[in-house]
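Listed in order, the protein sequences are those of chains A and B. Take the first sequence: its position 38, counting from 1, is numbered 98 in my numbering, and each next residue is one higher. Take the second sequence: its position 209, counting from 1, is numbered 269 in my numbering, and each next residue is one higher.
Just so you know, not all the hints are guaranteed correct.
[Stated by the list, open to error] Lysine-lysine pairs mimicking BS3-like chemistry, simulated, CA-CA at most 25 Å apart:
id	chain 1	residue 1	chain 2	residue 2
1	A	Lys306	A	Lys214
2	A	Lys298	B	Lys271
3	A	Lys334	A	Lys306
4	A	Lys217	A	Lys205
5	B	Lys306	A	Lys205
6	B	Lys271	B	Lys205
7	B	Lys217	B	Lys205
8	A	Lys306	B	Lys306
9	B	Lys334	B	Lys306
10	A	Lys334	A	Lys298
11	B	Lys334	B	Lys298
12	A	Lys205	A	Lys148
13	A	Lys217	B	Lys306
14	B	Lys298	B	Lys205
15	B	Lys298	A	Lys205
16	B	Lys271	B	Lys214
17	A	Lys298	B	Lys205
18	A	Lys306	B	Lys217
19	A	Lys298	A	Lys205
20	A	Lys214	B	Lys306
21	A	Lys271	A	Lys217
22	B	Lys334	A	Lys306
I should point out that these hints are in silico values taken from the structure, not numbers from a laboratory.
There are 2 protein chains.
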Amino acid sequence: PLRGKASSAVRASAGPAGMPSVAHREVARAVAGEAEARLGDRLLPSAVPADVAEFRNGDGTALGSLDVRRGAPGSSIDFMLQSSLHCKVPNGAIDITSLFINLNASTDAPHFVMEFIQGSPTSMVVLLDLLPRKDLALHPEYIEKYYGNTEADKQRKIIEELPQARPYLSPSLFVRSAFSPTAVFFTIDCGQGGESVLEEIVHGHLASVVKGLLQIWLGTCAGDTSEVDEGEREIMVKRDRTVRSKSIEVDLTANLPRMFGPDVSGRVIAEIRKAFGVEEA
Amino acid sequence: PLRGKASSAVRASAGPAGMPSVAHREVARAVAGEAEARLGDRLLPSAVPADVAEFRNGDGTALGSLDVRRGAPGSSIDFMLQSSLHCKVPNGAIDITSLFINLNASTDAPHFVMEFIQGSPTSMVVLLDLLPRKDLALHPEYIEKYYGNTEADKQRKIIEELPQARPYLSPSLFVRSAFSPTAVFFTIDCGQGGESVLEEIVHGHLASVVKGLLQIWLGTCAGDTSEVDEGEREIMVKRDRTVRSKSIEVDLTANLPRMFGPDVSGRVIAEIRKAFGVEEA
Numbered sequence: 061p062l063r064g065k066a067s068s069a070v071r072a073s074a075g076p077a078g079m080p081s082v083a084h085r086e087v088a089r090a091v092a093g094e095a096e097a098r099l100g101d102r103l104l105p106s107a108v109p110a111d112v113a114e115f116r117n118g119d120g121t122a123l124g125s126l127d128v129r130r131g132a133p134g135s136s137i138d139f140m141l142q143s144s145l146h147c148k149v150p151n152g153a154i155d156i157t158s159l160f161i162n163l164n165a166s167t168d169a170p171h172f173v174m175e176f177i178q179g180s181p182t183s184m185v186v187l188l189d190l191l192p193r194k195d196l197a198l199h200p201e202y203i204e205k206y207y208g209n210t211e212a213d214k215q216r217k218i219i220e221e222l223p224q225a226r227p228y229l230s231p232s233l234f235v236r237s238a239f240s241p242t243a244v245f246f247t248i249d250c251g252q253g254g255e256s257v258l259e260e261i262v263h264g265h266l267a268s269v270v271k272g273l274l275q276i277w278l279g280t281c282a283g284d285t286s287e288v289d290e291g292e293r294e295i296m297v298k299r300d301r302t303v304r305s306k307s308i309e310v311d312l313t314a315n316l317p318r319m320f321g322p323d324v325s326g327r328v329i330a331e332i333r334k335a336f337g338v339e340e341a
Numbered sequence: 061p062l063r064g065k066a067s068s069a070v071r072a073s074a075g076p077a078g079m080p081s082v083a084h085r086e087v088a089r090a091v092a093g094e095a096e097a098r099l100g101d102r103l104l105p106s107a108v109p110a111d112v113a114e115f116r117n118g119d120g121t122a123l124g125s126l127d128v129r130r131g132a133p134g135s136s137i138d139f140m141l142q143s144s145l146h147c148k149v150p151n152g153a154i155d156i157t158s159l160f161i162n163l164n165a166s167t168d169a170p171h172f173v174m175e176f177i178q179g180s181p182t183s184m185v186v187l188l189d190l191l192p193r194k195d196l197a198l199h200p201e202y203i204e205k206y207y208g209n210t211e212a213d214k215q216r217k218i219i220e221e222l223p224q225a226r227p228y229l230s231p232s233l234f235v236r237s238a239f240s241p242t243a244v245f246f247t248i249d250c251g252q253g254g255e256s257v258l259e260e261i262v263h264g265h266l267a268s269v270v271k272g273l274l275q276i277w278l279g280t281c282a283g284d285t286s287e288v289d290e291g292e293r294e295i296m297v298k299r300d301r302t303v304r305s306k307s308i309e310v311d312l313t314a315n316l317p318r319m320f321g322p323d324v325s326g327r328v329i330a331e332i333r334k335a336f337g338v339e340e341a
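The shape of chain A in the complex, shown without the other chains:
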C-alpha cells in the first residue's frame, strides 16, 4: 500500500503507521524540523523511493523509515538523512532514531551526527557529535575553531553531570577514533521504574543539548565559507568516504538484515550508500 505514496510527504522521524511514540523520537523530529527550517532551500525535496521511505519486515515486528534530502547545487550541504527504526524483541523493543547532516567538500567543517538507541523503557544510548573531517592531532587550530571556541564541551558536560549518565564506549575501535573530543557519548540508565525519569531527561536535558549543538553546527559549520586547500580536500574526501563506509559496516550491515531480512535491508542500505556516495565494498 505504500508504493506510489510521495515519499516527501512522509515525516521520517515520525515513522510509519504503527511506530510507537517514544520521547527521543519526538525530540529528533523537532530537531530535524528546526534544521530543515533553518537550512530552507539549501535542501532539495526528499528523494527516496516509497518502499524505502517506509519499510517493514514480513511479520510486521520491525518497522522503519528513511528520508534523504540532498543539498541544493551551490550549497555546502551534501545531504540530510533521517531514519527511525522500531523492532520488537522477545522482552520489549529497540527504537533507533538517527539524524545525519553532512557537508560537501566545499568546506572542511564538521558534520552533524545524532543517534539515539533505546533498548528498554528506562535506558538509552546517546551519540551526538560535530563529526570532525580532519586529523585533529595534526590540526590543533581545527579543534580550537570548531570545538574550543564554540564551547561544544559545555553541552557534553550537561549530560555528563546527570547521575543517570555514564560514558558510552563503542565496541568498534574505528567508531571510537572517528568522533570528536567533545562527542556526547553516554548511556543513560534510569533503573527499574525509571520510565518517567528517562522521559523527563529526554525532553529536558537531552533536548536542550541536542538543540544547543545544532545551533553551534548551524552557526559555525553549515555556513562556513573558508577555503579548503586542494591537497587537503583530497585527503578530506578520502577520510569522509572511509568514515561513511565504516559507519555503514558497523551500524547497518551488521544489524539491519537481522531486523528486516536481506531484501528490505538490502534496499535500504543501497539507498543510504547512494546518499553517502560510497559503493558497495
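Position chain B against the provided structure of chain A, taking the given hints into account.
Chain B in isolation, oriented as in the chain A frame:
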C-alpha cells in the same frame, strides 16, 4: 653537589634522594628497566646534565628527576624519557611519574606513553597508551594492525572493570584527540582508608596492564620494519611534532614553573624540548 655526577648512574624513575617511595614509582621503575633490558644497545647512554638529571626547588619541597636516552643510530628508537616529580602541597603531596618511548620516522608504529599522577595516598590518574602516529579515521588498517590485532583493548578493560576506576577525560581537547581508542585513561579512587587497596591495585592489576602493553609495544611497534611512504612520512613528522609541542604546553609549561620556579623548570623543559626535537614557540 650533583654537578659532575654521571647522570647515567641515576635511576630517574627512582628519583633523587628524599623522593619518597610510592607504589606507582616502583612499577614505573620495573617497567623502564624491562624496556631498557629488551631494547639493549638500541639505546645510547644517558645524556642529561647532572642539574637536570636531578633537580629541586629552593626550599626542597619539590624534587624531580629526568633521564633521556637517545636511540642508537640505525635503530628505530628516537628516545626514551623517564621522569619523576614529587611536590609537597598544603594537604599532602603530588607524585608524577612518566615514561615515554618514542620511535623515529623510520617507522609509523605507535609510541609508548605511560604517566601516573598521584594526588593523594588513595587516588591517582593513569594515562597509558600506544600513541598513534597516523590519522586513525583515514587509516582503519592502522587501527587493525596496532590496536585490533594486538588486542590492546583487553588490557584497557582490566582497569575499566575495577570498581575503583572511572574514565578520565583530560580537560585538554587536544590531549583527548591525540590518544588511541584503546588508551587506558582512568582515575582510580579507593576512597577514605583505601591506601592499601590502591597499593594492591598498583602492584597487581596496574602493573600487569603496563607490562602487557609494553610487551605489545616491544613486540609489534619497537621492531616494526614496514616501509613508510615518503609523503606519509612528511605528514607523520609534522604530526609528531605537533603532538610533542602540545604535550609540553599542556603538561609542562603549565605546571613545572609553579612547582620548581622559572630557572629550574626552564632548564628541565629545555632538555625535554631537545629530546622531543621541538623548538620553543
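Each hint tested on the structure:
1. Lys306(A) x Lys214(A): Roughly 29 Å separates the two Cα atoms, so the pair is violated.
2. Lys298(A) x Lys271(B): violated, 37 Å
3. Lys334(A) x Lys306(A): The hint holds at about 15 Å.
4. Lys217(A) x Lys205(A): holds, 19 Å
5. Lys306(B) x Lys205(A): holds, 16 Å
6. Lys271(B) x Lys205(B): holds, 20 Å
7. Lys217(B) x Lys205(B): holds, 19 Å
8. Lys306(A) x Lys306(B): Between lysine 306(A) and lysine 306(B) the Cα gap is close to 30 Å, so the pair fails against 25 Å, i.e. violated.
9. Lys334(B) x Lys306(B): Given pair lysine 334(B), lysine 306(B) holds - Cα atoms ~15 Å apart, limit 25 Å.
10. Lys334(A) x Lys298(A): Within the cut-off at roughly 16 Å; holds.
11. Lys334(B) x Lys298(B): holds, 16 Å
12. Lys205(A) x Lys148(A): violated, 43 Å
13. Lys217(A) x Lys306(B): Judged against 25 Å, a Cα distance of about 24 Å means the pair holds.
14. Lys298(B) x Lys205(B): It holds: about 22 Å lies between the C-alpha atoms, which stays within 25 Å.
15. Lys298(B) x Lys205(A): Holds, because 20 Å separates the two Cα atoms, which is no more than 25 Å.
16. Lys271(B) x Lys214(B): It holds: about 13 Å lies between the C-alpha atoms, which stays within 25 Å.
17. Lys298(A) x Lys205(B): holds, 20 Å
18. Lys306(A) x Lys217(B): Roughly 24 Å separates the two Cα atoms, so the pair holds.
19. Lys298(A) x Lys205(A): The hint holds at about 22 Å.
20. Lys214(A) x Lys306(B): Holds - the C-alpha atoms of lysine 306(B) and lysine 214(A) are around 22 Å apart, at most 25 Å.
21. Lys271(A) x Lys217(A): Satisfied, since the Cα-Cα distance of roughly 14 Å is no more than 25 Å.
22. Lys334(B) x Lys306(A): violated, 40 Å
The structure does not agree with the numbered hints 1, 2, 8, 12 and 22 stated previously, though it agrees with the rest.
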